[in-house]
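Undergrad: Sequence:
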Amino acid sequence: QVQLVESGGGLVQPGGSLRLSCAASGTNPAIHAMGWYRQAPGKQREWVASITRGGTTNYADSVKGRFTISRDNAKNTVYLQMNSLKPEDTAVYYCNRVSIAPWSWGQGTQVTVSS
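In this text, residue positions in the sequence shown follow my numbering: the first is 8, and each later residue adds one.
Mixed in with the good hints, there may be bad ones.
Stated by the list, open to error - Below, in silico cross-link-like pairs of lysine to aspartate or glutamate (EDC-like), each with a Cα-Cα straight-line distance of 20 Å or less:
1. 71 to 95
2. 82 to 68
3. 50 to 79
4. 82 to 53
5. 93 to 68
6. 71 to 53
Hint data in this document are derived by calculation from the structure and do not stem from the laboratory.
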């Protein structure tokens, strides 16, 4: 059974940075395209960024140029470096494989951008 554990969230001021981590157990994320998603209060979960097996990255327009997704296959971990954070980035962030059949979602990690 695959387990995803997200961490690294917190409270940050506008313009600040955070680095999120997603540790996967029960699988090898290196063989999957992996993505970060987020869900703001009262909104549906949305895709933020993804990275293919070969390392190709894609980003939602709202985060392009500010966020960077990466992976450490040796550690079964996927990262999301978030810079120049804005209040509208406030959400619970999740990771999962990019698939029509995602794994069970983890607890996510809360990111709050506020002064």
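Undergrad: Now tell me, hint by hint, if it's right for this structure.
TA: These are the hints, each one checked on the structure:
A hinted pair counts as satisfied when its Cα atoms are at most 20 Å apart, and residue 71 with residue 95 qualifies at roughly 14 Å. Between residue 82 and residue 68, the direct Cα distance comes to roughly 29 Å. Violation of the 20 Å bound is thereby established for this hinted pair. Between the alpha carbons of residue 50 and residue 79 the distance comes to roughly 31 Å, so the proposed pair goes past 20 Å and is violated. Under the criterion of a C-alpha separation no larger than 20 Å, the hint pairing residue 82 with residue 53 is inconsistent with the structure, at around 26 Å.
Taking the CA atoms of residue 93 and residue 68, the gap is about 14 Å. The hint holds against a cut of 20 Å. In summary, the hint linking residue 71 to residue 53 is supported, as the alpha carbons are separated by about 14 Å, within the 20 Å threshold.
The structure is inconsistent with the numbered hints 2, 3, 4, although it conforms to all the rest.
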